[in-house]
Amino acid sequence: MTSTAQDTPRKARRSRAPGRGVPLALLAPALIGLAFLLVPLLALVVRAPWRDLPEQLTSPAVWDALRLSLVCATTATALSLVVGVPLAWLLARTDFPGRSLVRALVTLPLVLPPVVGGVALLLALGRNGVVGRWLDEWFGVTLPFTTAGVVLAETFVALPFLVISVEGTLRAADPRFEEAAATLGASRFTAFRRVTLPLIAPGVAAGAVLAWARALGEFGATITFAGNFPGRTQTMPLAVYLALQNDPAAAIALSLVLLAVSVAVLAGLRDRWTRAV
Amino acid sequence: MTTHPAPQGLDAHLVVERGSFRLDITLTAAPGDVVALLGPNGAGKTTALRALAGLAPLTDGRLRLDGRDLARTPPESRPVGVVFQDYLLFPHLTALDNVAFGPRCRGADRSEARTRAAAWLERMGLAAHMGAKPKRLSGGQAQRVALARALATDPRLLLLDEPLAALDARTRLEVRAQLRRHLADFEAVAVLVTHDPLDAMVLADRLVVVEHGRVVQEGAPADIARHPRTEYIAQLVGLNLYRGRADGHTVRLDAGPEVSTTENLSGPAFVAFPPGAVTLYRDRPTGSSARNLWRCEVAGLESHGDQIRVELTGELPLAADLTAVAVAELGLHTGAPVWAAVKATQTHAYPA
Amino acid sequence: MIRSARLAALVLLVSLGLGACSSSGGGDGSPGGTVTVFAAASLKESFTELGDRFEEEHPGTGVTFNFNGSDSLAAGIVGGAPADVFAAASPSTMARVTDERLTADAPVTFARNRLAIATAPGNPHGIGSLKDLAAPGLKVVLCDETVPCGAAARKALAAAGADVTPASYEQDVKSALTKVRLDEADAAVVYRTDVRAAGDTVDGVDFPEAAQAVNDYPIARLEKAPNAPAADAFIAFVMSPEGRKVLGKAGFLAP
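Residue numbers (our numbering), protein chains in the order written: chain A, 18 to 294; chain B, 79 to 430; chain C, 2 to 256.
These are computed hints drawn from the structure, not numbers from a lab. Just so we're clear, the structure is a prediction, and the values are computed from it rather than from any experiment. Beta carbons: idealized from backbone N, C-alpha and C, even for Gly. Mixed in with the good hints there might be a few duds.
[To be verified] If you want the footprint, here are the derived chain A segments under chain B, 3+ residues with CB under 8 Å: (1) 72–79; (2) 191–203.
[To be verified] With the C-beta cut set under 7 Å, the calculated list includes, among others, these residues of chain B facing chain A: (3) Leu-133; (4) Leu-136; (5) Phe-168; (6) His-170; (7) Phe-179; (8) Cys-183; (9) Arg-184.
Please model the entire structure based on the sequences and the hints provided.
And the structure:
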């Protein structure tokens with residue numbers, strides 16, 4: 018905690034304020050918070066049915082669910098990026114009547130219970146929904162009970178995370194770079210693409226990771242809007258929930274797989290950024 | 079209405095209203111002119127610059143450049159280059175790509191844009207730093223990259239916002255001289271904004287002094303230094319300045335007392351004299367030939383180079399420069415009563 | 002999350018209060034205190050009514066319900082939730098509690114439920130049997146096999162020889178029914194009681210194979226019931242003719 022004379026010189030050089038420890042008033046709550054987050058995850062590991070694990074994990078159903086989860090979460094993140102970054106730009110860089118209302122509306126899915134979000138999606142995009150009816154009639158497209166439905170449900174809950182994150186980054190970025198680009202002949206779109214986007218790239222990446230993580234864990238909106246069918250709409254969280262009904266050991270095993278994959282992906286991405294920056 | 083052949087250069091009447099602030103200035107310049115907008119902070123200089131660049135919309139007025147009406151033209155379509163106060167070099171691009179950015183946006187292909195950018199950087203003496211990102215450049219280098227970037231689009235109007243403000247004193251001297259050379263080579267109109275009279279006088283052919291959103295004086299730097307028309311300019315050039323009404327060799331000041339001068343004038347007039355021309359006495363001088371004598375009180379003392387500037391209030395508020403020895407001998411301190419005298423030959427009167 | 006937290010707080014309060022009450026209560030045939038009943042979601046309408054009537058007949062005794070999927074309830078009880086009575090929608094979910102020896106006595110069956118096909122009002126696709134559900138293009142939802150209605154539906158479909166590929170395996174019977182009510186699915190295999198509770202928003206179609214997949218509803222007092230006298234009284238009330246009448250009205254069959 019405190020650097021002492023026993024510290025090696027290298028260590029001492031690295032610590033920012035030699036001789037000054039972390040105040041207990043900050044350290045204690047920080048450690049409690051950390052423990053609060055980690056103990057439940059540790060419990061999963063401790064209570065995992067390690068002996069049955071190989072058998073659980075070789076079941077093709079698990080890999081189907083995992084593959085579907087990864088594909089859907091990644092597609093939902095891509096979709097969120099395509100519409101979310103421009104939306105964040107609109108909120109941060111333009112002035113239009115009712116902008117603060119729009120911003121509040123964008124964050125609504127964050128407070129909406131996901132199951133309600135799923136019902137709302139059914140009412141909007143379902144076979145008989147406000148919009149879905151026309152999709153069905155004109156294009157013969159129905160979204161509930163399809164993999165596309167899973168992607169939409171995940172996008173619905175993940176998009177606000179991305180928009181909020183990117184908008185925050187945009188507000189922190191100096192808008193005068195865009196002005197400088199304009200005086201050099203760049204249209205607003207060129208300025209956004211060649212100047213703003215590279216400047217806010219770390220914020221966009223952070224937002225994308227948040228959105229991806231949220232999409233990967235999505236349960237309520239997915240099962241409500243897209244239903245549950247193995248290989249088509251049964252993602253890992255759905256598989257975990259249903260396994261929990263009568264086989265808690267299997268549920269724990271599935272959760273561990275989901276945790277391991279998430280940690281691997283997030284840690285991998287993090288390394289890549291820190292190297293790039 | 080008569081039709082002229084399209085006049086070359088800048089012809090602008092800029093009116094920008096923002097809340098209670100109103101900028102209303104007229105600005106004209108011929109190709110090759112370097113005009114400095116000089117004024118205190120908040121005078122509206124930067125607003126004027128942004129209006130010229132198209133970054134702040136005109137409320138009213140006109141803006142013509144080489145005969146072309148630009149008042150409603152968006153910034154990206156104006157033949158205008160800007161060097162921003164803190165340069166705003168794109169941090170993710172190399173010096174070369176920063177300079178190539180403008181030509182690229184204006185239609186050049188990648189290799190052509192880079193060739194032109196490289197030529198500009200070479201001209202600026204930056205051939206060795208083309209691949210460097212802005213954070214690896216020194217202040218002076220960054221300033222030159224910013225200038226190259228603005229010039230690489232061949233603008234017909236070059237705008238510079240406090241071009242030397244971000245530099246330390248030593249770099250400033252050197253960059254000022256370089257900038258002066260580049261501006262002298264520039265064949266179109268250049269407008270620079272500064273609050274530093276020295277920058278303005280060294281770099282510009284003509285000064286336009288802006289206060290509270292209006293032009294208070296304009297002309298050649300030497301004329302303005304000799305004949306300041308506002309207290310702000312007088313302070314900038316280090317003169318005591320008063321307005322009054324002249325009658326022969328006497329000017330009755332608006333502030334009250336009279337000043338004897340060598341000039342012979344009548345009507346509204348300014349009287350100016352440098353602080354170094356003021357002599358101070360603790361007791362009323364008897365043998366002094368000076369006819370301009372006022373009873374004052376010391377309001378403040380401040381080091382000013384190797385002299386001490388004494389701020390005086392009383393019959394006539396004025397500034398006097400004394401040596402430290404003189405201040406000690408007179409035993410001056412805040413609140414001390416003194417007599418201030420100025421010889422008529424040291425004053426300078428001119429029509430208002 | 003808020004609801005379950007509030008519930009947990011309630012359960013805690015109730016169980017703390019009961020420690021004091023249970024010893025003193027019940028002199029005049031009213032056991033007193035509060036009885037906490039964990040009941041399957043499909044019992045919501047009928048048990049709510051039963052609870053009201055029970056409180057009328059036993060002044061001073063309150064009933065608190067926790068309605069949820071039988072499996073979640075069983076998991077809660079195994080995890081130590083302080084309940085007095087558990088009423089499950091299938092013997093297999095009850096077995097998870099009896100396997101841990103957490104019931105006071107052997108569970109008894111208090112009601113039975115049959116499956117039915119729920120369709121949109123007026124049965125626009127003319128569905129008359131389980132085999133009709135295999136028609137191509139028909140969107141059918143079933144309960145997931147991990148929940149009782151799904152296990153029962155699977156048994157019935159096998160008995161009918163119907164090879165149905167559903168659009169989705171729903172996590173409980175209510176969400177299967179909701180898909181039909183929202184017209185996202187053309188048909189769902191649910192309980193008769195659910196069809197009846199849905200009123201005229203769906204039509205019910207009975208089928209003979211339902212007899213081979215009748216679902217027994219077991220009830221039991223829990224070993225660690227904080228208010229055992231009230232728990233016994235409530236179970237007796239459910240088994241009474243009056244209780245049978247209320248359950249029958251909801252569409253349950255007598256055991």
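Checked hints:
Here's how the stretch 72–79 of chain A fares: 0 of its residues keep a CB closer than 8 Å to some CB of chain B, so the rule of at least three is not met and the hint is violated. Look at the stretch 191–203 of chain A against chain B: 11 of its residues bring a Cβ nearer than 8 Å to a Cβ of that chain, three or more, so the hint holds. A hinted interface residue such as Leu-133/B counts as satisfied when its beta carbon comes closer than 7 Å to some beta carbon of chain A; here the least separation is about 5 Å, so the hint holds. Against a cut-off of 7 Å between C-beta atoms, the interface hint on Leu-136/B is violated, since the closest Cβ of chain A lies about 16 Å away.
Below 7 Å, beta-carbon pairs count as interface contacts, and Phe-168/B has one with chain A at about 6 Å; its hint therefore holds. Taking 7 Å as the C-beta contact cut-off toward chain A, the hint placing His-170/B at the interface holds, the least distance being around 4 Å. Look at Phe-179/B: its Cβ gets to within about 5 Å of chain A, closer than 7 Å, so that hint holds up. Among the interface hints, the one on Cys-183/B holds; its C-beta lies about 4 Å from the nearest C-beta in chain A, closer than the 7 Å criterion.
Evaluation of the Arg-184/B hint against chain A yields a held restraint, the C-beta minimum of about 4 Å falling below 7 Å.
In this structure, the hints that do not hold are numbers 1 and 4, in rising order.
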